[in-house]
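**Student:** Chain by chain, the residues:
There are 2 protein chains.
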Amino acid sequence: MRKPKADRPEEQQRFESFLRSRQLKLTGERLDLVAEVFGQSHHFDADQLHMALKQKGKAISRATVYRTLDLLVQCGLVRKSSFGDHHAHYEAAQKDEHHDHLICLNCDAIIEYFRADLEALQDQICKEHDFQPMHHSHQIFGLCRACQGKTTDGPTLAHRMSQLNT
Amino acid sequence: MRKPKADRPEEQQRFESFLRSRQLKLTGERLDLVAEVFGQSHHFDADQLHMALKQKGKAISRATVYRTLDLLVQCGLVRKSSFGDHHAHYEAAQKDEHHDHLICLNCDAIIEYFRADLEALQDQICKEHDFQPMHHSHQIFGLCRACQGKTTDGPTLAHRMSQLNT
DNA sequence: TTCATTTATGGGACTACGTATTATCTATTG
DNA sequence: CAATAGATAATACGTAGTCCCATAAATGAA
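Each protein sequence line maps, in turn, to chains A and B. Quick note on numbering: the numbering used here labels position 142 of the first sequence as 139, and the sequence is numbered without any gaps. Quick note on numbering: the numbering used here labels position 119 of the second sequence as 116, and the sequence is numbered without any gaps.
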């Protein structure tokens, strides 16, 4: 058992320390939100989270949802990314593991991958340009295994590609 | 001399063929926009282009600017990307060369790079996941050489990082 | 516990970027 | 030059996210 269902799970404790270190307040809304993020599925967006909380009787305002997600990103508990559609996606960060994404343009499947050699190559590129990296994003858009078989709608795909905002 | 200042430069001819192949019309607005894109600097956004045209007496509506940029992206004459601020950036495509970007979070400098081994590695990743790539985006955010020396505003940088939408 | 201070929240107004609608206009074809 | 397919301008609309500010809650000291 990796995560004993203690009174305050690890993530919540990390968030509490983070807040204290910045002299920020430990509010009920923030705790509810953290609980929801870590009790839920992996990928979500701000609106889904807002709705999920509302359905559980925790009606937190949109502004607070966005503000709290920012805090979670800043303390490393949540990762934020864009999949080329025009809004942010979030995911609870598993430990300190990092990964990038393959995104299917037909069915929106998200496939995660990590390659140490890719990371190394990135460092190499940064060195060559005397650039100090702080964050990176690597995404590949295309067709997942399942969707390569299907007859996909060419014009629709082409349109999605041209709309990709990455 | 690579690009003789002919009556219709190469890019415009390519665009004309593209339009004809799709039974789209060759309008004055489209020609003005293409001329501006290829007579201008490398990176720009929709609003800058709109303004630049207006200043030259070519007042093209915002909607048409967006529509025409879409067409140029579809025919490969223009590339579209996002640098983590919340709007699209465009650049005139030089021949068929592809490149990715390093983006300075302090001064917004854009550094272009291309690495064949990175491209190969991406293909490798796709093969491993039986994924058919159609588009990719690779961006590294951080500090450029010049900005590593400067005393940068920590909180501001941290905030920009958390706002990155990539 | 209570008070003073600091920080957070809600909720609506607001912004930015982009898209849709529609009446009018124009490029193309014969 | 007429017919018609397609494009444009103008403006309304949509959406994701942010700002503002009056109110509320958390924290620390007394």
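Read the hints as simulated data drawn from the structure, not as lab findings. Heads up, some of the hints might be wrong.
Straight-line Cα separation of at most 30 Å, DSS-like style, residue types lysine-lysine; simulated pairs [as the list claims (entries may be wrong)]:
#, chain 1, residue 1, chain 2, residue 2
1, B, Lys147, B, Lys124
2, A, Lys124, B, Lys77
3, B, Lys124, A, Lys147
4, A, Lys92, A, Lys124
5, A, Lys51, A, Lys92
6, B, Lys124, A, Lys124
7, B, Lys77, A, Lys147
8, B, Lys53, B, Lys92
9, B, Lys147, A, Lys124
10, B, Lys77, B, Lys53
11, B, Lys22, B, Lys53
12, B, Lys124, A, Lys92
13, B, Lys92, A, Lys124
14, B, Lys77, B, Lys22
Pulled from the structure, derived: some chain B residues nowhere near chain A, Cβ distances all over 12 Å [stated by the list, open to error]:
#, residue
15, Lys55
16, Thr61
17, Gln71
Note that the coordinates shown come from a computational prediction; the quantities given were computed from them, not determined experimentally. Using N, Cα and C, we set each Cβ at its ideal position, and we do this for glycine too.
**Student:** Taking the hints in turn, state whether each one holds.
**Tutor:** Now the hints, each set against the structure:
| no. | hint | verdict |
| --- | --- | --- |
| 1 | Lys147(B) / Lys124(B) | violated, 43 Å |
| 2 | Lys124(A) / Lys77(B) | holds, 26 Å |
| 3 | Lys124(B) / Lys147(A) | holds, 18 Å |
| 4 | Lys92(A) / Lys124(A) | holds, 27 Å |
| 5 | Lys51(A) / Lys92(A) | holds, 28 Å |
| 6 | Lys124(B) / Lys124(A) | holds, 28 Å |
| 7 | Lys77(B) / Lys147(A) | holds, 28 Å |
| 8 | Lys53(B) / Lys92(B) | holds, 27 Å |
| 9 | Lys147(B) / Lys124(A) | holds, 18 Å |
| 10 | Lys77(B) / Lys53(B) | holds, 24 Å |
| 11 | Lys22(B) / Lys53(B) | holds, 23 Å |
| 12 | Lys124(B) / Lys92(A) | holds, 27 Å |
| 13 | Lys92(B) / Lys124(A) | holds, 27 Å |
| 14 | Lys77(B) / Lys22(B) | holds, 23 Å |
| 15 | Lys55 | holds, 23 Å |
| 16 | Thr61 | holds, 16 Å |
| 17 | Gln71 | violated, 5 Å |
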